[in-house]
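S.K.: Below, each chain spelled out in residue letters.
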Amino acid sequence: MTDSGITSVAMPKWGLSMRSGKITDWVVAEGDPVAPGDDLADIETEKITGTLEADSPGLVRRLIATVGEDVPVGAAIALIAPPDVPDAVLDDLAARARAVIDAGLPEDDGAGPVVETVEAGGRKVSYAGAGDSGDVVLLVHGYGGDRNSWLFLQEPLAARHRVYALDLPGHGTSAKDVGDGSVDLLADAVLGVLDAVGSDRAHLVGHSLGGAVVLAAAARSPGRIASLTLFAPAGFGPSISAGYVRGFAAAQTRRELKPLVGQLFADEQLVTRQVVDDLLAYKRLDGVDAALAALAETLLDGDEQRIDSAAAVRALGEVVPVTVVWGSADRIIPAEQASSVAAVAPGAAVRVIDGAGHMPHMERPAEAQAAVEETIARAG
Amino acid sequence: MPRNLTYREALNEALAQEMERDPSVIVMGEDNAGGEGAPGEDDAWGGVLGVTKGLYHKFPGRVLDTPISESAFIGAAIGAATAGLRPVAELMFVDFMGVCFDQIFNQAAKFRYMFGGKAVTPVVIRTMYGAGLRAAAQHSQALYPVFTHIPGLKVVVPATPYDAKGLLIAAIRDNDPVIFFEHKALYDLTGPVPEESYTLPFGEANVVREGSDVTIVTLGRMVHTSLAAADELAASGVSCEVVDLRTTSPLDEDTILESVENTGRLVVVDEATPRCSIATDISALAASRAFGALRAPIGMVTAPHTPVPFSAALEDQYIPDAQRIVNAVKPVAEWRR
Numbered sequence: 001m002t003d004s005g006i007t008s009v010a011m012p013k014w015g016l017s018m019r020s021g022k023i024t025d026w027v028v029a030e031g032d033p034v035a036p037g038d039d040l041a042d043i044e045t046e047k048i049t050g051t052l053e054a055d056s057p058g059l060v061r062r063l064i065a066t067v068g069e070d071v072p073v074g075a076a077i078a079l080i081a082p083p084d085v086p087d088a089v090l091d092d093l094a095a096r097a098r099a100v101i102d103a104g105l106p107e108d109d110g111a112g113p114v115v116e117t118v119e120a121g122g123r124k125v126s127y128a129g130a131g132d133s134g135d136v137v138l139l140v141h142g143y144g145g146d147r148n149s150w151l152f153l154q155e156p157l158a159a160r161h162r163v164y165a166l167d168l169p170g171h172g173t174s175a176k177d178v179g180d181g182s183v184d185l186l187a188d189a190v191l192g193v194l195d196a197v198g199s200d201r202a203h204l205v206g207h208s209l210g211g212a213v214v215l216a217a218a219a220r221s222p223g224r225i226a227s228l229t230l231f232a233p234a235g236f237g238p239s240i241s242a243g244y245v246r247g248f249a250a251a252q253t254r255r256e257l258k259p260l261v262g263q264l265f266a267d268e269q270l271v272t273r274q275v276v277d278d279l280l281a282y283k284r285l286d287g288v289d290a291a292l293a294a295l296a297e298t299l300l301d302g303d304e305q306r307i308d309s310a311a312a313v314r315a316l317g318e319v320v321p322v323t324v325v326w327g328s329a330d331r332i333i334p335a336e337q338a339s340s341v342a343a344v345a346p347g348a349a350v351r352v353i354d355g356a357g358h359m360p361h362m363e364r365p366a367e368a369q370a371a372v373e374e375t376i377a378r379a380g
Numbered sequence: 001m002p003r004n005l006t007y008r009e010a011l012n013e014a015l016a017q018e019m020e021r022d023p024s025v026i027v028m029g030e031d032n033a034g035g036e037g038a039p040g041e042d043d044a045w046g047g048v049l050g051v052t053k054g055l056y057h058k059f060p061g062r063v064l065d066t067p068i069s070e071s072a073f074i075g076a077a078i079g080a081a082t083a084g085l086r087p088v089a090e091l092m093f094v095d096f097m098g099v100c101f102d103q104i105f106n107q108a109a110k111f112r113y114m115f116g117g118k119a120v121t122p123v124v125i126r127t128m129y130g131a132g133l134r135a136a137a138q139h140s141q142a143l144y145p146v147f148t149h150i151p152g153l154k155v156v157v158p159a160t161p162y163d164a165k166g167l168l169i170a171a172i173r174d175n176d177p178v179i180f181f182e183h184k185a186l187y188d189l190t191g192p193v194p195e196e197s198y199t200l201p202f203g204e205a206n207v208v209r210e211g212s213d214v215t216i217v218t219l220g221r222m223v224h225t226s227l228a229a230a231d232e233l234a235a236s237g238v239s240c241e242v243v244d245l246r247t248t249s250p251l252d253e254d255t256i257l258e259s260v261e262n263t264g265r266l267v268v269v270d271e272a273t274p275r276c277s278i279a280t281d282i283s284a285l286a287a288s289r290a291f292g293a294l295r296a297p298i299g300m301v302t303a304p305h306t307p308v309p310f311s312a313a314l315e316d317q318y319i320p321d322a323q324r325i326v327n328a329v330k331p332v333a334e335w336r337r
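Protein chains in written order, with the numbering used here: chain A, 1 to 380; chain B, 1 to 337.
Chain B extracted, bound-state conformation (with noise of 0.2 Å):
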């Protein structure tokens, strides 16, 4: 029965799911299993945002502690999956993804393609994304067109607590490594989630909103900003249809030209900065393979391609909002030859 659980409570119970099917399933990661016996603490505290919590108990000896060495740790969890297990890994902030990026990147991506497809390695490194806490440049960044850009990775960036758990379930039972994306910002948002394990493919975009005007496409947190602006659009009779990504990596072409096919316009809302980005590489699927059925100019939504900033008022008006979605989509609905 679906009840509504938080997107943090629905990847708590996506892990606990599978660590009690699959023995195999390990949790690894800062302060995953500290805190335990500190004052105030019966349980671990579950990583810094809580998502871990209440396993520690419940699976002894499969929630790891780790240094803060993310190369360290990441390239154990890496060894560990090549040795049969299934491990989860945290790493906090995708921002310090930079220190493992061999271990990631030449390693764990190439093992299946350099010895034959003899070895998989089924890992899934969870980390946060995002701007809009005030975590300034070094802890805000949007780094999934890195990931994306590296053959052998899998990557998702699911947007709703329902997603979220279905696809971190997929995660887990997929044998290539998946870099697992969540948005600081949605680990409160509530949403309706059945209580038995389901899994979504990976490389299947949902749309979200059905429209006849515009396609959106968006994924992550700019789902939900998306769809804001989606029902501004509409009170002033343009017509969105709002698809969200899911996963970069495998993509979803078929969606997103027909998609384009059906509205011939189309907006891509992206978080990421701009250059080499999934705005610019969704941008160029349908100018070289939609040509035929576009009649505006295609429109970006992204961050500036600047650091995160600091100041308050600054980050604010980095992230995209409901208002400058509105402001590229208007002009493409528009558009006369």
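Chain A extracted, bound-state conformation (with noise of 0.2 Å):
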């Protein structure tokens, strides 16, 4: 915001690849009043189709950008100001930023994302990283995913932070090997990125799998963490769909997958054909059927969790701050879990997001970000 009280909403950059964006659709009108964490827009990039929501107060005064046009990551989209700001300021703002549009991309000049690798375990683990300065966050994703589920937040989190997001083996670029399939396996690889960035104190987050691996990861060199957000875990209690992990390993066509995915969200408009046509793509590389049908035992002992993290947290409780976020319409692993993390871990701050699925993370980014924000707080 200016001292004018004038906000410019930016084209998000959702995903270290993201360069432009496309408005599918305005939520809000000019002249429309706004408050923080209201829809704006809907935005589709070339992985997905997400929501922009509002950080401001104020009056929808100027929308810049139209509907289906290419628009620049950081340009200008919209004009939000209190009713007394003039309309010539906001006429000669908007006329800039509607040039910016118009020039479209500046040239590529080959500064995508760094993927970086590292050995660990005798496996190639891949990470990207964003953020110059700050605590090191690092992002570890869950069964099937990659880095890039965390394309909502990377980004933002990078503004205060280092931001790392690996690929746990049998996953994205990392090595598809995943010997045993155990959880430990994973933990060597988020210890080997925290040794390959020069960590001595992380905050670790993680997602369903992913949080299980980064409280392993967490119990192994409690010293080196600095805090623990945990999203959807694994290990907090018997149930979880085993039908959706064992059809996920076996799913061979786009039509198998696409309602599987589906179960993932609460609002399946979520899944575009390219969420579904990367997750194909991904799981046709030769060793992924190996890689998921191993961490499919690894998670389910018959129809239940195979995986118990209630130690881990019982421990790592008591000596860093750990925030638990879980959706309450989780059709994966239920919400009610969240209970048993804060049964072992009393200090254990439990959020649940009315109406998100398993991917909190994706489908409501904001709070998300805001719980992570606030358990690196907590850990000062």
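Please note that a few of the clues may not be correct.
Part of the chain B face toward chain A, derived, beta carbon under 10 Å [said to hold, decoys possible]:
#, residue
1, G166
2, S197
3, Y198
4, V207
5, E210
6, T255
By construction, these hints were calculated from the structure, which means they are not laboratory data.
Here a beta-carbon is modelled for each residue, glycine too, at the ideal position from N, C-alpha and C.
Now that you have both chains on their own, put them together as the hints suggest.
M.R.: This is how it looks when you write it as structure tokens:
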């Protein structure tokens, strides 16, 4: 916000490789009052469609970008301001913003995200970083995911932290061999990346299986961990959708995969063709079938969870801030298990995001980001 | 990590990765090894368009030059396949396939059936097809319908670098003879291709664009022409779904029928000549199995039933272009009973 109270709403950067986005729908109109958290627009990228939320209050005074046009990341798409800001001032700003959009994308400078690799436990582990200063934050995805599942969080968190996202073994561009598929073997990758980035004090963020993985890594090396934020973590109760876990491992076609991926979200509209196609392309890489089959065994004992994370969170909860975040509409691991975390780690903060599914960091990124920031703040 | 590769590089990477993985994979064809030691050449030429470039030194003894005698080397490749190797033979232009029909049609395609499933023939025959290079009647045909007609052969026609790599790896690992069609005009097309090995299943069409008014079923180079037409049609309010067959044998009937049931209108776009073709085959499929869903006559955009002309002006008229597709789709979209 400027001194005059004008907020310029920028095309967000969702994912390290995003260079432009398209507004598919303006949720607000000129003249509408907005508060922080209100939906402003639906935005489509090459990878995903998401909703941009307001981060400051005011009146929507100008909508600059039109529906369907390509807008470079960072370009102003709307102006929010109090009613007393004169039209002439806004017109001038809007004209300049219009020129930026019309100029299009700058020439590709080749400075896409730098993907680095480290050997951990004899396996290649890929990771990508964003942000130049501040504490290290490491984001760890779940079963069948990859570092891109943090696309809505990594850039915003990077404003104040050095934020890394890795691909666990068996996923993304990391080695596909997962050995025995154990949580400990996956935790090697987490500690390997912390070694590689030279961190002796890191905030770990894990989702689902990744939640159990960061707990295992932290339990082995508690002195290096500053805080833990766990999104729908595995290991806090028997209940899990075994049908999802086995079905995802077995799915061979788009037809089979799409309804399964839909179960991850409360709002299945988020599952675009591109999301399913990217997952299918991943599943067709050599070695992925074997990796997912092994990891399904790690997750499941019959139709219940095999992983037990209670001891780890009990011990760590006495040492570092722990936050657990769950979507109330989670169809993979039920949100009731959040209370199991609180029961063993009384100091843990519990946030249940109303109406979100198993992927709150994709469905409700602003609240997910706030949960991570708040946990980091508690660590001091 | 997907980088952008050309179609040619994607094919080369598929060959290199499979040769690395499986020592029974060999490559053979005209000038695959030739050129080695020629002035200014450290490497072999790697075939007439350089698809196998770089393999000769990397895999000593496994990149073989053949005489200009297709009947001989295709027969040799098929024989080697029956004896335990996985040969990938490059037969420069599909037009020359005629001199080795017996080896392909009567031998390779039949062994599995005639020997009660006890013999497999894991041979891949890579070949160039298609018009547009001013190469005239004997070097420009799109002959995949001929091979699709023969039970026992699998027929692959990839449209993109991603598909080219995944389908070629699948072809090499497949235990049946596969005829692999590469359009001459696609070799320099670039697109994202993962570094790692991967396979795409045969018999799975790819819906490359979703739409609600008209289904365009197509393959190979015509996928790109059809997408350009679909863009133009979208501007005039016609929403096209574009289905890339990827393989003509096996054929993904379900995806075609599902799309036609959704749109009720079908146009098939095929660079081959129209008699006994993919276009007529898909049309028959829709007419017999989705008749109730059809709301308009089926459109077909194909080459005319003539040899490919040498005259540049006539060749340009011969190849279906976006405008012809637009002209064919519009009446189908606007048809009212």
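S.K.: Are the hints correct? Go through all of them and say.
M.R.: Hints versus structure:
With a cut of 10 Å, the hint placing G166 (chain B) at the interface with chain A holds, because the nearest CB-to-CB distance is about 7 Å. Checking S197 (chain B) against chain A by beta carbon gives a least distance of about 4 Å; that is within 10 Å, so the hint holds. The criterion of a C-beta within 10 Å of any C-beta in chain A is met by Y198 (chain B), whose closest approach is roughly 5 Å, and the hint holds. At a threshold of 10 Å, the smallest CB-CB gap from V207 (chain B) to chain A is about 8 Å, leaving the interface hint in force.
The beta carbon of E210 (chain B) comes within 7 Å of a beta carbon in chain A, closer than 10 Å, and the hint placing it at the interface holds. Interface restraint check: T255 (chain B) against chain A, minimum CB-CB distance 9 Å, threshold 10 Å, status holds.
Violated hints: none; the structure is consistent with every hint.
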